[in-house]
Structure formats: structure tokens, C-alpha cells
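Given the sequences, and given the hints that come with them, work out the whole structure.
Residue numbers (my numbering), protein chains in the order written: chain A, 1 to 260; chain B, 1 to 223.
If you're looking for bench data, these hints aren't it; they were derived computationally from the structure. Source: prediction; values computed, not measured. C-beta: ideal position from N, C-alpha, C; glycine also. Just to be clear, a hint being listed does not mean it is correct.
Quick look at which bits of chain A chain B covers, simulated, 3 or more residues with Cβ under 8 Å [to be verified]:
no.: 1; region: 55-65
no.: 2; region: 78-89
no.: 3; region: 111-121
Taking lysine to any residue pairs in the SDA-like style, the calculated list, with each CA pair at most 25 Å apart, reads [unchecked claim]:
no.: 4; chain 1: B; residue 1: Lys127; chain 2: A; residue 2: Leu54
no.: 5; chain 1: B; residue 1: Lys121; chain 2: A; residue 2: Gly66
no.: 6; chain 1: A; residue 1: Lys126; chain 2: B; residue 2: Lys121
no.: 7; chain 1: B; residue 1: Lys156; chain 2: B; residue 2: Ile15
no.: 8; chain 1: B; residue 1: Lys121; chain 2: A; residue 2: Glu65
On the chain B side, residues computed to face chain A include the following (Cβ under 10 Å) [unchecked claim]:
no.: 9; residue: Gly115
no.: 10; residue: Lys127
no.: 11; residue: Val134
no.: 12; residue: Val201
no.: 13; residue: Ser202
no.: 14; residue: Gly205
no.: 15; residue: Val208
no.: 16; residue: Tyr215
no.: 17; residue: Leu216
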Amino acid sequence: MTSPMIEIVGVGKSFGAHEVLRGVDLSVARSEVVCIIGPSGSGKSTLLRCVNFLESYDVGDVRIEGRLMGYEHAPDGSRRPMSARNLREMRREIGMVFQHFNLWPHMTAIGNVAEPLRRVRGLPVKEAVERASAMLARVGLSAKAHAYPSHLSGGQQQRVAIARALAMQPRLMLFDEPTSALDPELVGEVLEVMRSLAAEGMTMLIVTHEMGFAAHVADRIAFIDDGRIVDEGPPRHVFHHSKEPRVRQFLQTYHDRNSF
Amino acid sequence: MNPDVLWRYLPSLAIGFGVTVLCWSVGGALGMALGFAIALLRRLRLPPLRWALRAYIEVFRGTPFLVQLFLLYAAGPSIGLRLSATAAGVLGLGLYSSAYFAEIFRAGFGGVPVGQIEAAKSVGMSKFATLTRVELPAALIAAVPSIVNMLIVLSKETVVLSIITVPELMYQMQTMAAETFTAFDAIFAMAVFYWILVEAVSRLGARVEARVTAYLATQGERA
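If you want it as C-alpha cells, here you go:
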């Protein structure tokens with residue numbers, strides 16, 4: 001029996017009195033691409049950030065290939081936050097791409113990609129640089145290897161960020177609104193890289209507002225509203241046959257805004 | 001103006017200038033090192049240590065440098081701290097400025113965007129690697145203008161050392177004025193020396209700043 005790549009069971013999370021996630025269940029199989037859509041403030045990003053424990057969750061389980069994320073069981077059966085060492089060990093297998101790229105501005109493109117290989121994977125400089133340049137080639141940025149992030153366009157920065165995550169050879173990738181901070185013309189180049197990743201069989205969990213991309217690339221769509229998954233299924237189901245009024249209303253607004 | 005008097009006292013003024021530069025640079029370096037250590041220690045989640053460091057900063061920022069220096073030099077011996085005037089002056093400058101430098105570095109750390117730290121966490125970087133490879137460079141680069149500013153302020157605080165008879169520029173100037181009754185000439189000469197020092201520091205600072213922030217320039221600005 002093989003465990004799903006990501007298994008989220010009954011996950012709940014509050015920021016003070018505000019309940020952001022209210023018992024979310026979601027699982028992602030190996031090589032599956034799942035897009036999470038929904039209105040702003042619905043808990044999409046929080047859910048994604050719980051998967052690599054950038055955000056802690058209060059109740060429920062997040063399991064990565066069967067292993068509980070962020071917590072470990074004490075001998076008395078209660079659970080406590082996992083050791084920093086174990087957390088790092090789990091995180092390095094999970095790539096993450098952020099809305100605002102989060103490149104390190106004082107390092108060049110290739111420096112950004114090579115840094116985790118050096119510090120986390122412990123590769124010697126030569127190997128780290130070789131693998132980093134292969135990754136930059138992979139996202140079409142060989143020519144910009146020695147440019148600093150401030151000299152790159154948003155789309156290029158995001159592709160460097162993808163290369164940085166990919167270079168670690170993660171088992172799965174998380175994308176937190178990867179195109180939301182980009183000029184419309186630059187969205188395509190980033191989606192193109194993501195599409196090719198999906199085609200290669202990378203397991204991906206993506207929070208996005210790009211409905212067209214979600215419809216074409218995702219195996220499954222999860223619609224989340226007010227901290228709950230309201231509907232879930234293949235794109236065709238969610239986009240065209242959902243019986244949930246909240247989903248239909250959201251998609252209607254989206255269509256109205258995008259048709260002219 | 002009396003050129004003859006100025007000429008006669010030039011050697012002693014030059015020596016005073018040398019002592020000023022020495023006290024300022026050693027005291028400033030000491031203050032920077034201490035301030036940096038304090039800023040690092042304040043990041044530890046140890047409440048008693050935090051309160052102690054906070055109190056240290058409040059004391060050294062909240063009292064006049066003159067008072068601190070006088071206590072150090074005059075009251076030091078009663079607790080077994082017997083220092084020469086110059087050593088007390090350097091140590092005093094170091095302690096006094098360390099409180100300011102600690103705040104400068106704290107602000108530098110606080111200014112590192114949280115996303116850059118999250119990116120380091122997400123690839124599994126250790127706390128130490130995140131500190132040395134991501135937070136420190138960003139914090140230090142951001143702190144450069146404030147550091148240069150503090151060093152300029154400090155260069156002028158050195159005049160206070162004359163009170164405890166450190167033979168620095170102010171002290172030499174007072175000697176010259178007292179011996180020759182040429183207060184104006186003496187003050188004028190002193191002002192020129194300080195101006196040279198401050199000008200040198202700010203130019204050097206501007207170069208360092210341009211150098212460390214070169215990566216932030218957009219292509220257009222760089223070309």
C-alpha cells in the first residue's frame with residue numbers, strides 16, 4: 001500500500017478568534033496536479049502553507065507520504081512540535097514557490113539556485129553551480145545566470161524561484177499564487193514552466209486565480225470558501241457541473257470580469 | 001589670525017588630531033563589535049538576558065556621554081578599574097556608541113523581509129545558515145548608512161575626552177588658546193581638522209554604501 005503524496009485530514013487552524021481552516025480534507029496522489037481556487041481570504045494560502053508547516057495547524061493531520069508534518073507523538077500519546085532537524089529534513093523534499101518570488105536580493109540568479117544545494121544538500125561548489133546552471137537552463141534563463149534579482153523582470157524572477165525549488169529535487173511542489181504579482185504579459189512564461197513540470201510528472205499543489213491554467217493542467221480542482229472545501233473534482237466537474245451555489249457564483253463573477 | 005602662532009602649534013594640533021582619530025576609530029570599532037554582539041544576543045529567546053541588554057541600551061543612550069566618561073575614569077578605580085585617560089576615553093566611546101550600534105543592527109535585522117526568511121525555511125536551511133547567508137547580509141547592507149552616520153556623530157563626541165585630559169585635538173586646542181590668548185585661531189584650526197575627518201568619513205561611507213548596494217541598482221541606473 002502506498003500513501004498519497006499529500007494527505008490532509010480534518011485540518012483546522014485559527015488566528016486568534018478567527019477560524020481560517022475548518023476541518024479540511026484533501027489528498028494529492030503521486031504525479032497529480034491539484035489546483036486550489038476560491039475567493040480571497042478563504043484560507044487557500046494558509047492551507048498550502050500548512051503543508052510545509054510554514055504555518056502550523058491546530059487540529060487534524062497533514063501527512064507527506066504517510067509521515068506526519070510538523071508534529072511528533074510524545075510517549076504519552078499527545079503530540080508536540082517536531083524537532084527543528086526533522087522539520088528541515090521534511091521541508092527539503094517539498095519545493096515552494098511564493099507569490100512574491102522571495103529571491104535573496106544579494107545573490108545572483110545562479111547564487112540563489114546554488115545556495116540551498118550548498119547549505120542544505122551539502123554539495124561542493126562546483127557541483128552546486130553545475131546543477132544550478134542546468135536548472136536555470138531548464139527554465140530558460142541561462143543568459144541571466146549572473147544577474148541580480150533586481151535586474152530581472154517579475155516573470156524571470158519567478159522562474160529563478162522555480163529553478164531554486166526544483167534544484168533541490170523535491171518530491172512535490174507547492175505554488176502559492178505564483179502569477180498573482182506578475183504583469184499580465186509575464187504570466188505566460190511562468191505558466192509554461194509549470195505546465196512542463198506537470199507533464200514530467202511532478203506532484204503539484206497550486207493555489208491560483210488562473211482559471212484557464214487550472215482547467216487545462218489540473219487533474220483535480222478544490223474549491224475552498226470560508227475555510228472549508230466546498231466542492232472538489234475534475235476541472236470539468238467543478239467548472240461546469242458544480243451544484244454548489246457558492247462555486248457557481250464565484251465562477252460567474254470570474255466570467256463577468258473576464259469577458260468583454 | 002596669527003599665522004606664526006598657528007604654525008608654532010601645528011605639531012601639537014597634529015598630534016591631537018592623531019589621538020582623536022585613534023580614539024574615534026578604536027572606540028567606534030569597539031562600539032560596533034559590542035553593538036553587533038548585543039543585537040545578536042537580543043534575538044535569543046531568553047527574557048532575563050533581553051531585559052538586561054535592554055537596560056544596558058537605555059542607560060547608555062539615556063545619560064550624557066560626559067557623565068558616563070567621568071564615572072568610568074573617576075569612579076572606575078574604586079571598583080578596581082584603573083585606566084589611563086586615553087584607555088578610559090576609548091572604552092567610554094565604545095560603550096556609549098555600542099548602545100546606538102545595537103539599535104542600528106536591530107533595525108537592520110527587523111528590516112529583512114519575512115519572505116526571504118520563509119524561502120530559506122522552505123528549502124530546509126538551518127537557522128544558522130539562514131542567519132549567516134540570508135539575514136546578516138541583508139541586515140548589514142541596510143545598516144550601512146546609519147553606521148556611517150553614527151561614526152560621524154561619534155567623531156565629534158571625541159571632544160568630550162578632553163575633560164579627562166586625553167591629549168586629543170580639543171585638549172591641544174585649549175592648551176594653545178590658554179597659552180597664547182588666541183581663542184579664535186585655535187578654534188578655527190580645530191574646526192578645520194574636524195571637518196577633514198568628517199569629510200573623509202562621509203566620503204568613505206558613501207563609497208562603501210555604493211559598493212554594497214550595487215546589486216540593487218536597476219539596469220538603467222547601472223549603465
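Are there three or more residues in the region 111-121 of chain A whose C-beta lies closer than 8 Å to some C-beta of chain B? Contact hint for the region 111-121 of chain A vs chain B: holds, 4 residues under 8 Å.
Per the CB criterion, is leucine 216 of chain B less than 10 Å away from chain A? Result: holds, 5 Å to nearest chain A Cβ.
Close enough to count: is the Cβ of valine 134 of chain B nearer than 10 Å to one in chain A? Holds, because the Cβ-Cβ distance from valine 134 of chain B to chain A comes to roughly 6 Å (cut-off 10 Å).
According to a criterion of three or more residues whose C-beta lies within less than 8 Å of a C-beta of chain B, is the region 55-65 of chain A covered? violated (count 0)
Tell me if the interface restraint on valine 208 of chain B is satisfied: Cβ within less than 10 Å of some Cβ in chain A. Violated, because the Cβ-Cβ distance from valine 208 of chain B to chain A comes to roughly 15 Å (cut-off 10 Å).
What's the verdict on lysine 126 of chain A and lysine 121 of chain B, does the C-alpha distance respect the 25 Å limit or exceed it? 24 Å, holds
Taking 10 Å as the limit, does the beta-carbon of valine 201 of chain B come near enough to a beta-carbon in chain A? Result: violated, 25 Å to nearest chain A Cβ.
Holds or violated: lysine 127 of chain B to leucine 54 of chain A, with C-alpha atoms at most 25 Å apart: With Cα atoms ~14 Å apart, lysine 127 of chain B and leucine 54 of chain A stay inside 25 Å; holds.
Once the shortest beta carbon distance from lysine 127 of chain B to chain A is found, is it less than 10 Å? 7 Å, holds
Min Cβ distance, serine 202 of chain B to chain A: is it shorter than 10 Å? Since the shortest Cβ distance to chain A is 24 Å, the answer is violated.
Against chain A, run the beta carbon of tyrosine 215 of chain B and see if the smallest gap drops under 10 Å. 4 Å, holds
Has the given pair, lysine 121 of chain B with glycine 66 of chain A, been kept, meaning a C-alpha gap of at most 25 Å? 22 Å, holds
Hint violations for this structure: numbers 1, 12, 13, 14 and 15, all remaining hints satisfied.
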